[in-house]
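Construct the entire structure; sequences and hints are all you get.
The listed protein sequences derive, respectively, from chains A and B. Add 71 to a position in the first sequence, counting from 1, and you land on the number used in the working numbering. Add 71 to a position in the second sequence, counting from 1, and you land on the number used in the working numbering.
Treat the hints as calculated values from the structure; they're not laboratory data. This structure is a prediction, so every number in the text was calculated from the model and none was measured. Heads up, none of these hints are tricks.
Pairs count within a copy or across copies, as identical chains cannot be separated in the list.
DSBU-like, lysine-lysine: derived pairs with alpha carbons at most 35 Å apart:
hint, residue 1, residue 2
1, Lys280, Lys387
2, Lys387, Lys259
3, Lys262, Lys387
4, Lys309, Lys279
5, Lys262, Lys383
6, Lys280, Lys259
7, Lys177, Lys383
8, Lys177, Lys259
9, Lys387, Lys376
10, Lys262, Lys280
What follows is the residue order along each chain.
There are 2 protein chains.
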Amino acid sequence: MSGMRPTGRLHLGHLVGALSQWVAFSSEYDAYFEIADLHALTTAYEHPEAVGPARDQMVIDWLAAGIDPARATIFQQSLVPEISELHVLLSMIVPVAWLQRVPTYKDQIAALGPHVATYGFFGYPLLQLCDIAVFRADTVPVGRDQVSHLEFGREVVRRFNHLYGPTLIEPQPTLSEFPEVPGLDGRKMSKSYDNAIDIADDESTTAKKLRSMITDPQKIRRGDPGRPEICPVFALHKLANAERVPEIEENCRSGALGCVACKMELTDRLNGMLRPIRERRAAIDPATVGPIVEEGSARARSVAKQTIADVKDALKL
Amino acid sequence: MSGMRPTGRLHLGHLVGALSQWVAFSSEYDAYFEIADLHALTTAYEHPEAVGPARDQMVIDWLAAGIDPARATIFQQSLVPEISELHVLLSMIVPVAWLQRVPTYKDQIAALGPHVATYGFFGYPLLQLCDIAVFRADTVPVGRDQVSHLEFGREVVRRFNHLYGPTLIEPQPTLSEFPEVPGLDGRKMSKSYDNAIDIADDESTTAKKLRSMITDPQKIRRGDPGRPEICPVFALHKLANAERVPEIEENCRSGALGCVACKMELTDRLNGMLRPIRERRAAIDPATVGPIVEEGSARARSVAKQTIADVKDALKL
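As structure tokens, then:
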């Protein structure tokens with residue numbers, strides 16, 4: 072089980088990170104992928120109108136990346152009310168102090184401002200646990216920043232099972248550390264930094280973005296020796312052009328390779344890598360997203376309903 | 072809209088207080104009466120097995136008191152998952168600070184112990200608001216101890232409507248101050264003080280309980296002058312035997328009325344008052360409770376579903 076907040080078009084960082092792992096997982100596991108629209112509300116509650124359109128763009132990128140809705144269950148959090156039901160039921164046994172100990176709460180308020188300090192945001196790690204527990208998911212890929220959330224969730228499951236008998240499954244983390252994908256400016260690729268190569272970009276947009284990238288400022292023209300270790304273009308070569316990296320590194324340092332040619336080669340490779348995905352993307356009719364999500368959510372609910380029934384049995388409700 | 076936590080058999084205090092008001096309300100309004108089993112979990116989560124049987128006894132008392140399930144909607148909170156759905160949706164806009172300001176939270180932790188300081192208990196006033204708002208209830212009877220909860224709930228509704236447009240109804244309180252019903256020991260009648268006359272008691276149990284009541288300790292035998300103002304038997308006369316109060320008061324003070332005779336008269340009046348209710352109670356087949364609650368909950372859900380649809384529309388989900 073894994074999920075993403077609907078934030079609109081995905082970029083190369085998502086593709087190399089979570090999405091490639093999801094594709095692998097969905098061939099190995101009975102996988103559930105969540106459009107986390109309730110989670111999106113925790114921080115975007117003042118502008119929820121962006122969430123709906125973002126959902127469609129995100130799901131199209133999932134499909135383009137190779138997630139097959141016939142194999143994996145794609146569902147929308149708000150269309151599975153059993154998640155909310157479980158949230159309220161489990162809220163009764165979760166000490167406020169446990170939530171206060173989750174480090175991300177104070178970090179995020181410091182980063183995003185006091186307006187996010189809502190009851191819902193405070194309970195975010197519990198809602199995440201419900202996403203997982205309602206499907207009895209046993210394996211969850213987590214990045215380093217989510218380890219404390221999953222540890223909290225496992226504690227909640229243990230408490231429930233201790234109080235009412237074995238009912239819920241304690242999810243195991245699969246630590247997933249991806250190489251950080253550099254953006255056009257060398258910082259981590261991120262929508263909010265406006266430094267991303269989107270999956271949905273066309274080839275000429277990609278070329279234009281790559282042309283505008285800053286390289287080693289001491290390398291003004293071909294012939295000048297470059298320092299690949301500080302160059303974001305080189306970092307992207309490592310990602311999309313691995314077998315050519317030793318030669319590029321040598322020719323950059325010697326000065327034999329100019330930045331223009333280096334960027335053109337990267338453009339070719341990156342567009343080549345993204346081409347089959349973009350072709351799939353272009354072939355997807357946006358009108359199919361709704362039915363896929365509805366069908367997946369219905370499938371998800373049939374599993375979730377059984378969990379709720381078992382939880383209520385355990386609680387003797 | 073009103074509700075009670077399922078705590079088992081109800082007593083005279085419930086009857087004279089909430090239940091008589093509910094009967095009046097249900098002839099005047101489209102009334103919703105909630106078996107608040109999720110609320111019961113906030114403090115009883117360690118022993119939830121008592122909640123189920125308590126539900127049936129409580130509903131039988133409601134019916135005996137004159138609540139007509141054909142006129143009023145009797146429903147169980149945990150059977151209306153839309154309440155939990157609304158709870159999660161609204162949680163996103165409720166500042167933690169608002170909940171911290173509700174005075175009952177700290178009071179109850181002081182009274183009941185730190186184990187009740189859970190995320191669910193912290194959100195109790197929000198869950199109460201959801202009980203009300205999901206049915207678009209416009210009138211809520213509140214005792215003095217619940218005024219701060221309703222004020223909080225009205226604030227949440229105003230915030231929602233301000234952020235997303237008019238969607239939810241701001242409930243108006245009907246302040247209900249009942250005469251406090253004294254228990255057998257003169258303290259407020261309460262199950263937890265073990266000083267209650269239950270609706271379900273038979274007449275001889277009622278007689279036995281009243282015989283054991285303490286009266287004015289200075290009035291040892293008939294002839295001794297009594298002080299009605301400190302006597303719990305006298306207080307119950309005011310409730311069940313109003314037209315005879317002046318004479319009883321005079322004869323108690325003069326000593327002409329002995330405590331044994333006084334208690335016997337009270338027993339007759341109280342049993343007489345409770346007789347029709349107890350007869351209705353005895354005629355109720357406990358097996359009918361389940362279907363009544365299921366049917367009422369289904370009716371409640373059809374209203375609640377529409378509210379959730381409107382709330383999601385407002386949130387553009």
